[in-house]
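2 protein chains.
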Amino acid sequence: MLNILQTAFGGWQQSSVSVSLKDALGRVLSEDIIAQENVPAFRRSTVDGYALIAQNTIGCSESLPAFLSLIGETEMGKGTDLALNDYETVYVPTGGIVPEGANGVVMIEYTEPMGDEIAVNSPVSNLQNIVGIGDDVKENEIILSKNTVLKSQHIGALAALGVSEVKVLTKIKVGILSTGDELVAVDTPLKLGQIRDVNTHSLAAMIKSFGCEVVYQNRVGDLFDDIQKALKKAISLSDVVLISGGSSVGTHDMTPDIINSLGKPGVLVHGIAIKPGKPTIVAKVDHTAVFGLPGHPASCIVSYKTVVEPFIQKTLMNSKNKTKRVLAKSGFQAHVSAGRDVFYMVTLEESENGYIANPVHGKSGMISVLSKADGYIEIPMEKEGLQKEDQVFVTFI
Amino acid sequence: MLNILQTAFGGWQQSSVSVSLKDALGRVLSEDIIAQENVPAFRRSTVDGYALIAQNTIGCSESLPAFLSLIGETEMGKGTDLALNDYETVYVPTGGIVPEGANGVVMIEYTEPMGDEIAVNSPVSNLQNIVGIGDDVKENEIILSKNTVLKSQHIGALAALGVSEVKVLTKIKVGILSTGDELVAVDTPLKLGQIRDVNTHSLAAMIKSFGCEVVYQNRVGDLFDDIQKALKKAISLSDVVLISGGSSVGTHDMTPDIINSLGKPGVLVHGIAIKPGKPTIVAKVDHTAVFGLPGHPASCIVSYKTVVEPFIQKTLMNSKNKTKRVLAKSGFQAHVSAGRDVFYMVTLEESENGYIANPVHGKSGMISVLSKADGYIEIPMEKEGLQKEDQVFVTFI
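So the sequences go chain by chain: A and X. Just so you know, we're using my numbering here: the first sequence kicks off at 1 and counts up by one. Just so you know, we're using my numbering here: the second sequence kicks off at 1 and counts up by one.
Simulated from the structure, these hints should not be mistaken for laboratory data. Keep in mind that this is a model prediction, so the values were computed, not measured. Treat each hint with caution, since some may be false.
Identical copies look the same in the list; a pair holds intra-copy or inter-copy alike.
[What the hints assert, rightly or not] Under the rule of at most 20 Å between Cα atoms (straight-line distance), these lysine-lysine pairs were calculated in the PhoX-like manner:
no. : residue 1 : residue 2
1   : Lys329    : Lys383
2   : Lys372    : Lys138
3   : Lys208    : Lys22
4   : Lys264    : Lys229
5   : Lys173    : Lys314
6   : Lys372    : Lys146
7   : Lys191    : Lys78
8   : Lys146    : Lys320
9   : Lys320    : Lys372
10  : Lys138    : Lys191
11  : Lys264    : Lys284
12  : Lys329    : Lys372
13  : Lys232    : Lys173
14  : Lys233    : Lys264
Throw the hints in and build the complete structure from the sequences for me.
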């Protein structure tokens, strides 16, 4: 299914924008970050101690120390003109410059001051306790590659390299449309037969936490013209439109016709072999991807997570975001009919041997199921079911 | 160690604030959410079909259908006055009201219209395809409990219950202070001996993604008075202050004295048995928690993740956030000296049998290590090391 989308949206070019480092968390790099300098830029000591010439300490011990004359110290954050000759030493703090001529640093714990001299009790090997120029990052090295999703540690790495602004992909614009005569706003008292519009809210939350932007949000009844008008508007504003409800096989199933009325190529796939979430529609209207998602809240979440997010990630952003999923042992058995992938909402229980996935009972549309689940497992259509203790991957929701 | 903090900060009361549903993602509930209504509020059909009296279909089949007279239909989002008598039926769409008198719904696929009658080809059991009043959520049931971290599906559940505003904990206020004569701002060209202030940026990113607020951010040199002044200001503004650098055993180690000069009880722990990150300081000054973190970037991240985040989560927010960690098999062996917990930065590789954790090589302060790691593993001090294939938990960073 993703192949169809990959073909339809192949060559998608997301525009990019410069952001400052403090706003870069979670954004997707649109350029390789190439180090403009060596890190460290000078030879650093990794300990508090004395810089020295390693050969001068050969064979020394507590009973027979090597005596070196102290010719000065280097200070944090400052350069130094000091240079060592044989049997000379310089005090260096952790992170300080190792002066010219030195090729090792002895930890202060293995030394004793003796007037103008320092007694060294332990031999030092060549380059011991020194980080060389460029040992961490070399100038011109690619430190972060294009399409990396920036995490906290990347922000730190960029700071270290003096990068205070980065080019990132603009956020994917998403429109959300809920359809159904029975839907009312969250703060409206319910009349008989009405239910509240849940999907607009859970979809918006998932879209935001996935790093996309909600640019359109609306709820309309089951009239062809109303849906068409709203969908047209949503498509004109968005890279991706999610329309939920209206895609079951009831009398109200107008969504495919409406999508096809708005532009080419229109509906690409109608009905994906997954449960819950079967009525998922995948379409392209001009440059916008349109997904018809099931109306039931949990089905809607599963369809979004398994179809929409991978599409946005792989096809539109081409990002290297690892899915947050964990291996677990199934704590239950399930018999499913072959022919479609089945998704189960589960909770995760941590045991000494890793996670156990337990089922959250209830029908797919249930709010109680939604609010208890940590994630879901997928039973691929090739498998006839699930045995207790089977290994499963749980994707967090 | 967390016990000491638990005692020192026992009874911490974080204030709360009302936020609208669209701003509630990632926030921590400060109240139980009790359902004010039944969900569903009416008997709903889970299929497109015909509501009927189950007993009227006993023994029916394709060759011997049950004939029921169609007395009307229910519409989505509307109430109905219809009520069934024996051998009557009403058309009901998915999600529509099941009328009085009916105790089952037959899927439309198992029926055939015959003039004013509907031929039913398959027997229906009692309550089949019906969700009863309160089957999903019962009025007065606790649907989400206090201290839940709100995820997308919870936002959906709150929407379903008509909750458009929730009370959540105010964000924990965090101050960040970097110390060191060698530190300069990210956008400053480096002079010899200088390095850039990395920790302010990586800490700020981690704090924000953990749902806290950065209220103070500063960088000062290694002068007692400067650090004292900045720390005093940070403490006055923050619930938690993170001071990095200045906590190694060098000549510049003034942090504990400065903390103790600012209020009671002062330093609680100096030096935690973890590597990297040993110089971690834990203190309380008046009502503020102060953590002295190591200056090296990766050590700083590990100390923050293993000491600060659990404290904020368990002691200040008391939140039920499951740590994002996964079970993996070690792809390497490591010999470590007993006596302290050792943390290794690793990358995760997904295999058929789950994740494999591979080491990221390099010293703890290295930027290159930071930018490549997916997370870290902990080798507890009781263990002498790690064997290949050992099971390990990887915590995401």
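Up to 20 Å CA-CA - Lys146 versus Lys372, copy category: between (37 Å within a copy, 14 Å between copies)
Up to 20 Å CA-CA - Lys138 versus Lys372, copy category: Classified as between; 15 Å across copies, 48 Å inside a copy.
Within, between, both or neither: Lys138, Lys191 at alpha-carbon 20 Å: Cα proximity of Lys138 and Lys191: across copies only (18 Å, versus 67 Å in one copy).
Copy assignment of Lys191 with Lys78, given that the CA separation must stay at most 20 Å: between (74 Å within a copy, 8 Å between copies)
Within, between, both or neither, where Lys264 and Lys284 count as close if Cα-Cα is 20 Å or less: within (7 Å within a copy, 64 Å between copies)
Status of Lys383 relative to Lys329 across identical chains (alpha carbons, at most 20 Å): within (16 Å within a copy, 26 Å between copies)
Status of Lys320 relative to Lys146 across identical chains (alpha carbons, at most 20 Å): For Lys146 and Lys320, the Cα distance is within 20 Å only inside one copy (9 Å; across copies 35 Å).
Copy assignment of Lys320 with Lys372, given that the CA separation must stay at most 20 Å: Answer is between; shortest inter-copy Cα gap is 12 Å, intra-copy 29 Å.
Intra/inter-copy verdict for Lys173 and Lys314 if alpha-carbon distance must be at most 20 Å: Answer is within; shortest intra-copy Cα gap is 16 Å, inter-copy 36 Å.
Up to 20 Å CA-CA - Lys22 versus Lys208, copy category: both (18 Å within a copy, 10 Å between copies)
Status of Lys173 relative to Lys232 across identical chains (alpha carbons, at most 20 Å): within (15 Å within a copy, 44 Å between copies)
Lys233 and Lys264: within-copy, between-copy, both or neither at 20 Å Cα: within (16 Å within a copy, 61 Å between copies)
Hint compliance for this structure: no hint is broken.
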